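The primary structure of each chain is shown beneath.
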Amino acid sequence: MSSPGQEEGKPIESVEQLLAHALAMETEAVERYNELADQMEVHNNPDVAQLFRKLAEIEQLHVHNVTELSEGVELPHIAPWDYAWETPESPESPSPSAREVHYLMQPYHAIALALKHERLGVEFYEKLASQSDREDVRKLASELRETEVEHVSLLEKWLARFEAPAKGWNEDPDPPLLQE
Amino acid sequence: MEAVSACPSFSARDYKSDVKPVWCPGCGDYSVLSSITKAMAELSVPPENVALVSGIGCSSRIPAYTNVFGFHGVHGRALPIATGLKISRPELTVIASGGDGDGFSIGGNHFMHACRRNVDMTYIVMDNEVYGMTKGQASPTTAPDWEKSKLTPEGTGINPFRPLVIALASGANFIARSFSGDPNHSARMIAEAIRHPGFSFVQILSPCVTFRPEQRDWKAGIRQAPVDATTDAARAARRLMTDDGFNIGVLFRGDRKPFQPSMKARVESVRDLEKEFRI
Amino acid sequence: MTARSVSITFAGSGGAGVMTAGNMLLDAAGRAGWHGYMTRSSGAQIRGGEAAAMLRLSTEPVESHDDYFDLLVAIDWQNVGRFSAEIPMTSDGLVLGDPEGGDFPEQISAKGTRRAEIPFKKMSKDIPGGRANMIALGAVAALIGLPEDAVNSVLHEALKKKGAEALTSSEASMRAGMEYAANLPASARLETDGVKAESLWSITGNEAAGLGAVRGGIRFVAAYPITPGTEVLEWLAPNLAKLGGVLVQAEDELASINQIIGASYGGTPSLTATAGPGLALMMESIGLAVASEVPIVVVNVMRGGPSTGIPVKSEQSDLNIALYGLHGDAPHLVLAPNTLADCAFTTQWAVQLAEALQTAAIVLSDQSLGQSRATIEAPADPGFFACRLRPEGPLEGRYRRYLNTPSGVSPMAQPGMKGYQYTADGLEHNEIGTPSSHTVDHSTQLDKRLRKLTAYDYGEHWADIEGEGDIAVVTWGSTTGPVREALARWREAGNQARLVSVRLLSPVQPEKLAAALDGVKRVLIVEQSHGAQFHRYLRAHYDLPGSVRAFHRPGPLPIRPAEVFGQLANWS
Numbered sequence: 007m008s009s010p011g012q013e014e015g016k017p018i019e020s021v022e023q024l025l026a027h028a029l030a031m032e033t034e035a036v037e038r039y040n041e042l043a044d045q046m047e048v049h050n051n052p053d054v055a056q057l058f059r060k061l062a063e064i065e066q067l068h069v070h071n072v073t074e075l076s077e078g079v080e081l082p083h084i085a086p087w088d089y090a091w092e093t094p095e096s097p098e099s100p101s102p103s104a105r106e107v108h109y110l111m112q113p114y115h116a117i118a119l120a121l122k123h124e125r126l127g128v129e130f131y132e133k134l135a136s137q138s139d140r141e142d143v144r145k146l147a148s149e150l151r152e153t154e155v156e157h158v159s160l161l162e163k164w165l166a167r168f169e170a171p172a173k174g175w176n177e178d179p180d181p182p183l184l185q186e
Numbered sequence: 024m025e026a027v028s029a030c031p032s033f034s035a036r037d038y039k040s041d042v043k044p045v046w047c048p049g050c051g052d053y054s055v056l057s058s059i060t061k062a063m064a065e066l067s068v069p070p071e072n073v074a075l076v077s078g079i080g081c082s083s084r085i086p087a088y089t090n091v092f093g094f095h096g097v098h099g100r101a102l103p104i105a106t107g108l109k110i111s112r113p114e115l116t117v118i119a120s121g122g123d124g125d126g127f128s129i130g131g132n133h134f135m136h137a138c139r140r141n142v143d144m145t146y147i148v149m150d151n152e153v154y155g156m157t158k159g160q161a162s163p164t165t166a167p168d169w170e171k172s173k174l175t176p177e178g179t180g181i182n183p184f185r186p187l188v189i190a191l192a193s194g195a196n197f198i199a200r201s202f203s204g205d206p207n208h209s210a211r212m213i214a215e216a217i218r219h220p221g222f223s224f225v226q227i228l229s230p231c232v233t234f235r236p237e238q239r240d241w242k243a244g245i246r247q248a249p250v251d252a253t254t255d256a257a258r259a260a261r262r263l264m265t266d267d268g269f270n271i272g273v274l275f276r277g278d279r280k281p282f283q284p285s286m287k288a289r290v291e292s293v294r295d296l297e298k299e300f301r302i
Numbered sequence: 002m003t004a005r006s007v008s009i010t011f012a013g014s015g016g017a018g019v020m021t022a023g024n025m026l027l028d029a030a031g032r033a034g035w036h037g038y039m040t041r042s043s044g045a046q047i048r049g050g051e052a053a054a055m056l057r058l059s060t061e062p063v064e065s066h067d068d069y070f071d072l073l074v075a076i077d078w079q080n081v082g083r084f085s086a087e088i089p090m091t092s093d094g095l096v097l098g099d100p101e102g103g104d105f106p107e108q109i110s111a112k113g114t115r116r117a118e119i120p121f122k123k124m125s126k127d128i129p130g131g132r133a134n135m136i137a138l139g140a141v142a143a144l145i146g147l148p149e150d151a152v153n154s155v156l157h158e159a160l161k162k163k164g165a166e167a168l169t170s171s172e173a174s175m176r177a178g179m180e181y182a183a184n185l186p187a188s189a190r191l192e193t194d195g196v197k198a199e200s201l202w203s204i205t206g207n208e209a210a211g212l213g214a215v216r217g218g219i220r221f222v223a224a225y226p227i228t229p230g231t232e233v234l235e236w237l238a239p240n241l242a243k244l245g246g247v248l249v250q251a252e253d254e255l256a257s258i259n260q261i262i263g264a265s266y267g268g269t270p271s272l273t274a275t276a277g278p279g280l281a282l283m284m285e286s287i288g289l290a291v292a293s294e295v296p297i298v299v300v301n302v303m304r305g306g307p308s309t310g311i312p313v314k315s316e317q318s319d320l321n322i323a324l325y326g327l328h329g330d331a332p333h334l335v336l337a338p339n340t341l342a343d344c345a346f347t348t349q350w351a352v353q354l355a356e357a358l359q360t361a362a363i364v365l366s367d368q369s370l371g372q373s374r375a376t377i378e379a380p381a382d383p384g385f386f387a388c389r390l391r392p393e394g395p396l397e398g399r400y401r402r403y404l405n406t407p408s409g410v411s412p413m414a415q416p417g418m419k420g421y422q423y424t425a426d427g428l429e430h431n432e433i434g435t436p437s438s439h440t441v442d443h444s445t446q447l448d449k450r451l452r453k454l455t456a457y458d459y460g461e462h463w464a465d466i467e468g469e470g471d472i473a474v475v476t477w478g479s480t481t482g483p484v485r486e487a488l489a490r491w492r493e494a495g496n497q498a499r500l501v502s503v504r505l506l507s508p509v510q511p512e513k514l515a516a517a518l519d520g521v522k523r524v525l526i527v528e529q530s531h532g533a534q535f536h537r538y539l540r541a542h543y544d545l546p547g548s549v550r551a552f553h554r555p556g557p558l559p560i561r562p563a564e565v566f567g568q569l570a571n572w573s
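Residue numbers (our numbering), protein chains in the order written: chain B, 7 to 186; chain Z, 24 to 302; chain S, 2 to 573.
None of these hints come from the bench; they were simulated from the model.
Be aware that a few hints might be false.
What the hints assert, rightly or not - According to the in silico footprint, chain Z covers these stretches of chain S (three or more CB under 8 Å from chain Z):
#1 106-115
#2 233-247
#3 255-269
#4 309-320
#5 416-429
Claimed, not checked - 30 Å max Cα-Cα, derived BS3-like pairs, lysine-lysine:
#6 B:K122 <-> Z:K298
#7 Z:K280 <-> Z:K298
#8 Z:K298 <-> S:K161
#9 S:K419 <-> Z:K43
#10 Z:K298 <-> B:K173
#11 S:K243 <-> Z:K280
These numbers were taken from a predicted model, which means no experiment stands behind them.
C-beta: ideal position from N, C-alpha, C; glycine also.
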């Protein structure tokens, strides 16, 4: 999922850096789900809006979790383009341009999209937990991974409740509206 | 409980307003909005010292979605408004933004002259090669054989406008391209553009999912430009000869002095000017 | 033969220096304590074309040309006949020309005016470095009774940079002209006794508009050159810089109008100047200034229209576009200076009003005011100054840029004010500024933008009202000069009449005009427009009492006092 245009970020070499990444990842996910919820509200899709809002709330709990872990730790400042993501943005934030993002999208799409990004979050921590040179980074990454794994299984359960929408779910009989 | 942080004094959220965009879900402009706010936070400039000026079009709706001073003017005139504002208030960070139709068609003359004039500001064009607000007509950057518009059902048949070529030829002091699908790269380009003195131009390819759904595939074609930015305009021009429009990164960093007249008064009052009329 | 005023035209082709002679005569007259007024006319050529400097000098203030010219001095006759319609003369007048200057134009000889010869070419050859225009200046000075000292001091002033040789030859030329005048038939002369030069200025209407702008607080100007508005901008360029302001030359009028909107949004009182074609281009953005409530001032120096029209000649035909050219319901200010000096006053007032009311002001000057030079009493600063309503005190809740206040004027924040960030918008919006297509927001904002203009107290300056009686002449802009003079003659002839010269054209002031015309039985409307734009405007917005007539005609010919007098005298 790494973008072809993606530049290499700076690698994570300390617990402080990892916490900064974790905090950014969760914070951005909260903001992104809220933005997606806003989009769905504006486009009269309340069911999906509510779902995105719920996802934002869950991510907010993760923000609290990381904030607690960071207590008393001085987190380094990292420019947006210097994070070590292998994805265009932080792994848990679905792109607003993702193929599933559509004004006629259904809860299934929203959950599938969230699941995809939670799994990317898991992958991110997993790689660090197994590959970092530093013991403390591996340990913390492993802990953080656990939270994401729980979230993945929750989303899997949610997704199981919905059937994949039939082809043509995004068809609109009316043409787009003229604005300015 | 707050984490102790060496982060800048502002976060991206400080630059966002509570107005919800009217953009279609899936639109690339959401990411550009995010990139602009991230860049601002990174530069740590207080929101009240930033002005974001736009014209008309989907992407030109952007000022209201930010928490900086905004101006949503008429079609094609973002650059002159930004020019007047920056020259009269040089301490402000001034950004103009909008789409390809606004900037290169109706506002094309201002684009050239803004590059020439080299006022210290940044121009961000969200390029989706289409007019969205008027239901999908060909813009200056649309390929000549695009036949989906009712206005030009057989395609425009005319060569697309090449914004980076025009910017370079007209004297822009900083030229870069990015892609909305790579928002952190866009944020970096915007931050560098703002930091660079003089007129900075950033083209951001930003797909229109409604009228140009095929642009979702742009992601596959985008690549980091294989070479670093140059300070040599001739070299930049040669690179543009082989550019297919999908290389992202900084193309050109010039060193031309920005246009900024002195605003130091040399007389005490208007009365001092009246002497010339006396017989 | 002593006159209250004398009217002189210097004419000639490129290189003859008629404008220089005219300017020097005007300045010299000013030094002698006379008032003066000078217009210019020229062919379409940029260099070498036929040109005429037309002056009226008087012991009293003058605002316009007389009915006839007393003197026409032609350095040569190349195409000077083309100006004959603009240089009306009677048999009392005197035409001076060089027998070697080409054929005497038929159009001029047809008037039966007295003729005399000055051999400019021959005389200038006899003087080392001799100049025909200085000979002409000397001859005219002697004929009209202008003291030699006054001419000499202007000559010294003008030529001090050119060196002693140039001064000597010009002085010699001027003196030769004065001496030659003894051979010429007598012409109208002015009084020199009892005239005292005090605080007189030599200024053009366009310079006066520029002065009014900076007096009012304008500190940012965007400029795109266009005849006959360019000199407003040219005067402002160096003078704004001295005041710590800025003038930027824009790429077109679309840019200049939007640059001033941008600068004004930033908090700097801003202005541009243009003429008809430029104003037409600016219209969309003037509407933006109205809708987004950003104060701006546009000085439009009218010329003959439509389209490119007659760029170098005057006409009052941009009234309609200034009043009605904006799309949508877009109340804004339209003002018009009615004398050359008033270009300063009205522009300054426009700045104050635009800033106080946060809207666009269009100032309708014209070529005959803007490009004319006059010797006038120094106009005192009336004290109008840009004063914009700003938010004060700590911000409570969300800043509402377009708050629906009782006056209609809302406190306007500017970039840099923490917590007051808002987006100015040309889209209809709610009080916060967020785009809205709701009926209630549209009607609230339309009402507010209208109310702030109509509820404002414009005081006495909305019009110049003079005289009494049951006849009134209603006019505006530069035609006020000849109307005022016609009415002075009308009164001297034992009649009564009122003058109403409307300075504030929009918003309209129906109650004030009704009061000004109370008891009037005849209303004569005077304007320089083929389509009677002012007449139609008055009919649309005002109840005019009694019987109403309109005397209107297009440019380029100026309306003369005798014509207005005739309209009154022949009304039966």
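Hints and how they fare:
1. Under a criterion of three residues with beta carbons nearer than 8 Å to beta carbons of chain Z, the stated coverage of the stretch 106-115 of chain S fails, only 0 such residues being counted.
2. Under a criterion of three residues with beta carbons nearer than 8 Å to beta carbons of chain Z, the stated coverage of the stretch 233-247 of chain S is upheld, 7 such residues being counted.
3. Under the rule that three or more residues need a Cβ within less than 8 Å of chain Z, the assignment of the stretch 255-269 of chain S holds, with 15 such residues.
4. Closer than 8 Å: that is the beta-carbon criterion, and the stretch 309-320 of chain S has 0 residues meeting it against chain Z, so the requirement of 3 is violated.
5. Given as covered by chain Z, the stretch 416-429 of chain S passes the check, having 13 residues with a CB less than 8 Å from a CB of that chain where 3 are the minimum.
6. Restraint check for K122 of chain B and K298 of chain Z: the C-alpha separation of about 76 Å exceeds 30 Å, so the hint is violated.
7. For the proposed pair K280 of chain Z and K298 of chain Z, the alpha carbon gap of about 35 Å is over 30 Å, so the pair is violated.
8. As the CA atoms of K298 of chain Z and K161 of chain S are separated by approximately 19 Å, the hinted pair is consistent with the 30 Å bound.
9. Distance hint between K419 of chain S and K43 of chain Z is fulfilled; the C-alpha atoms sit about 22 Å from each other, no more than 30 Å.
10. A C-alpha spacing of about 82 Å is found between K298 of chain Z and K173 of chain B, which places the hinted pair above 30 Å, so the restraint is violated.
11. Of the pairs offered as hints, the one joining K243 of chain S and K280 of chain Z holds, with about 23 Å between alpha carbons and a cut-off of 30 Å not exceeded.
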